[in-house]
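If you're matching them up, the sequences are chains A and B in order. First residue of the first sequence? That's 1 in my numbering, and the numbers climb one at a time after it. First residue of the second sequence? That's 1 in my numbering, and the numbers climb one at a time after it.
Just so you know, these hints were derived from the structure itself, not from any lab. Any given hint could turn out to be false.
As the list claims (entries may be wrong) - Interface residues of chain A toward chain B, partial, derived using beta-carbon atoms under 7 Å:
{"#": "1", "residue": "116"}
{"#": "2", "residue": "128"}
{"#": "3", "residue": "130"}
No residue lacks a Cβ here, since even glycine has one placed at the ideal position from N, Cα and C.
Protein chains: 2
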Amino acid sequence: MGCEVHALGRTPVATPGVTFDRIDLLDTARADWNRVAAIEADFLVHAAWIAEPGAFWASPQNLEWVAASLKLLDAFTRGGGRRAVFVGTCAEYKWGPGLLEEDATPLEPSTLYGSCKAALHRMVAAAAKPLDLSYAWAHLFFPYGPGEKPGRLLSDVIRRAMRGEPVDCTEGRQIRDFIHVQDAANAICRLLASDLEGSVNIASGDARPIREVVRIAADIVGRPELIRFGALPTRPEDPACIAASVGRLRDELGFRSQYTLEAGVEATIEWWRKQNAHLRAS
Amino acid sequence: MGCEVHALGRTPVATPGVTFDRIDLLDTARADWNRVAAIEADFLVHAAWIAEPGAFWASPQNLEWVAASLKLLDAFTRGGGRRAVFVGTCAEYKWGPGLLEEDATPLEPSTLYGSCKAALHRMVAAAAKPLDLSYAWAHLFFPYGPGEKPGRLLSDVIRRAMRGEPVDCTEGRQIRDFIHVQDAANAICRLLASDLEGSVNIASGDARPIREVVRIAADIVGRPELIRFGALPTRPEDPACIAASVGRLRDELGFRSQYTLEAGVEATIEWWRKQNAHLRAS
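Using the sequences and the accompanying hints, generate a full structural model.
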């Protein structure tokens with residue numbers, strides 16, 4: 001797009017060509033919102049939220065992120081902002097056996113995380129016209145890939161298998177749509193540059209049982225015998241299927257994933273191998 | 001209830017026995033939330049919101065009130081708060097011809113005001129358990145009565161009729177549930193003292209066409225000839241019917257209105273007469 005890019009956050013980014021502005025969005029009282037407005041950004045991608053594995057589902061900090069997001073939106077529009085993409089979640093939808101589809105599946109979240117994202121979503125949708133804002137809401141499904149934090153499925157499976165430790169799993173019959181982080185980022189950038197309005201699922205469209213994802217990872221690591229399906233109990237509140245309709249993403253946005261699940265998992269394992277090599281070398 | 005009562009706000013209240021704490025909730029950055037927490041209130045009624053006649057429906061300030069409400073909720077729970085009543089609105093519901101009913105009528109607001117109230121509502125509902133909070137959500141319908149601001153239906157009709165000026169109205173076929181402000185306040189207090197959870201409509205249960213309400217007021221003022229129904233066009237977005245089911249309020253809370261519509265309008269006119277007498281005397 002040939003844009004001047006600013007990244008706002010607590011942790012500096014070292015991406016070439018990106019101006020980093022240090023701000024703790026969550027500290028709504030002390031954050032310098034006028035400085036954010038003064039950037040006079042035309043476009044906004046809002047991807048900041050609590051994401052601590054496990055904890056994020058029910059943490060009261062989700063409420064604080066709604067307040068922080070409203071401050072960010074206010075600063076952005078005061079600065080003349082015209083177009084925004086908000087990163088939402090598949091957890092806003094009423095989960096069920098079929099494909100989750102924008103404008104068809106009801107927003108009936110089962111978690112505080114999903115409720116807070118959906119609440120912000122509804123407010124943005126209602127405020128867009130009075131704020132003269134063009135917006136899209138990206139329902140992000142299950143991103144994975146290089147840089148993933150420990151405590152999430154693939155990072156844990158890969159690291160344990162690489163260390164030669166047993167990998168205890170549930171039966172893994174739950175179906176999930178995983179999308180490689182680079183594909184997710186590309187889709188969000190393309191969405192930002194488009195004039196598509198409203199909800200768009202960001203997903204691969206290739207939902208699989210978790211056991212298949214785990215097996216692919218263990219096979220590539222070369223330690224399939226370490227996987228112990230059924231060693232952990234299936235949590236009754238864990239939904240059987242979270243699968244995305246990608247019609248809008250594909251047909252209206254013209255987006256195609258670059259990574260198959262197999263290639264994406266392989267690239268992720270490659271990244272972990274390099275991390276380990278760095279650790280051994282240092 | 002025999003409670004120590006604190007009122008938080010920008011404008012001092014002179015109610016005997018009430019401690020006033022000056023705070024601008026909307027100035028979330030500078031408001032002293034620790035001072036709010038330090039009150040260590042057990043109970044909270046949150047009735048603050050933008051209410052400027054006309055403007056409140058679509059003002060972006062509705063978003064700021066959501067952020068302010070989240071800060072207030074945080075301060076209240078940090079201070080050990082146990083039970084809260086939030087004043088919501090009939091504008092959260094999907095408006096339609098039947099009675100609007102808690103847990104049956106979908107929350108599908110048509111306005112930014114309704115969307116923001118509903119967004120907060122959903123967040124409070126989802127956060128109550130993690131916050132260990134008992135809460136009720138009061139869907140307030142159309143309050144009227146002494147002290148009403150100019151720019152609202154009854155205050156304008158009464159004042160114009162008392163001044164002998166023509167009162168231009170729409171056809172006034174729209175049905176609305178009006179509740180006297182004292183009845184609304186009593187219902188909210190009783191709700192706070194109860195352990196009822198979730199949504200409760202705060203309404204009279206006696207919905208009437210607006211033309212009937214206007215006629216009652218003009219008759220009591222003694223100037224029915226000043227009313228000109230049809231002088232103003234009916235706005236197409238104005239819903240035909242906003243009427244409340246009061247089953248929960250009546251049967252589960254055991255609440256009965258003290259004012260009939262006729263008695264409530266009469267009391268309101270009496271208040272305006274006193275205001276005018278004061279003005280003339282001063």
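Each hint tested on the structure:
no.	hint	verdict
1	116	6 Å, holds
2	128	10 Å, violated
3	130	5 Å, holds
The structure fails to meet hint 2 from the earlier list, while all remaining hints are met.
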